[in-house]
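Visitor: Here are the chains, one letter per residue:
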Amino acid sequence: AQSVSQHNHHVILSEAASLELGCNYSYGGTVNLFWYVQYPGQHLQLLLKYFSGDPLVKGIKGFEAEFIKSKFSFNLRKPSVQWSDTAEYFCAVNSLKRAGNMLTFGGGTRLMVKP
Amino acid sequence: KAGVTQTPRYLIKTRGQQVTLSCSPISGHRSVSWYQQTPGQGLQFLFEYFSETQRNKGNFPGRFSGRQFSNSRSEMNVSTLELGDSALYLCASSLFGDGNEAFFGQGTRLTVV
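Read top to bottom, the protein sequences are chains L and A.
Numbering-wise, the numbering used here puts 63 at position 63 of the first sequence, and it's gapless, one number per residue.
Numbering-wise, the numbering used here puts 5 at position 5 of the second sequence, and it's gapless, one number per residue.
If you are wondering where the hints come from, they were derived from the structure by calculation, not from laboratory data.
None of the values given here were measured: they were computed from a predicted structure.
Where hints are given, some of them may not hold.
[What the hints assert, rightly or not] Residues from chain L that face chain A, not an exhaustive set, calculated with beta carbons under 8 Å:
id	residue
1	N24
2	S26
3	H43
4	L44
Note that the Cβ used here is the ideal one computed from N, Cα and C, for glycine as well.
The whole structure should be built from the sequences, with the hints applied where relevant.
Guide: See the structure below:
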């Protein structure tokens, strides 16, 4: 079955620490990849996306992600986190084998940044 | 431009009742998808509508249904509510085409008692 795995359910970091959140997917064929963030009390917002081209993509608020096709991975990184990055982060995949827009989400990673 | 609007924001229903949730997509977006978010199961895809037709469907029972109107607004309906249907229901809109990014609304928090 197609699935998306996020390795860390909870991450606690101090401000200025570096962040890397893992995401692996099990899909054959071409996929579009996304990272979404959900701040407390707010709606899901797109951080960044990968459709094709340069496998290193940059998103908002200093986040970036690297697509490694051979590893079916799309890890999210940020060199220096801030307290305001405290949120839940979701990796999502849309398989292009099927027409339409249907996201499969990972289980999410709750990030807490200590001031 | 205005984002995805979902109404109502909060809803309390009794087991066995039915409920209808509404979603207005971003202007110009023709694809509307619905997701269920729960602490136990995470974010799960319910269905997608495009041009008033259901284009994709997730693994939910037939009690969950939806529709889309000619102005792209969408509704989802849950009949014979069960306690386990308590969740945050999220609507997302996308441009036409395949695999596009989804823009999410604030969600409707449904509590079944």
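Visitor: Compare the structure with each hint and give your call.
Guide: Structure-based check of each hint:
At about 15 Å, the closest approach between the beta carbon of N24 (chain L) and any beta carbon in chain A exceeds 8 Å, and the interface hint on this residue is violated. Hint status for S26 (chain L): violated, given a least beta-carbon distance of 16 Å to chain A, over 8 Å. Interface restraint check for H43 (chain L): the shortest CB-CB distance to chain A comes to about 5 Å, inside 8 Å, so the restraint holds. Interface restraint check for L44 (chain L): the shortest CB-CB distance to chain A comes to about 4 Å, inside 8 Å, so the restraint holds.
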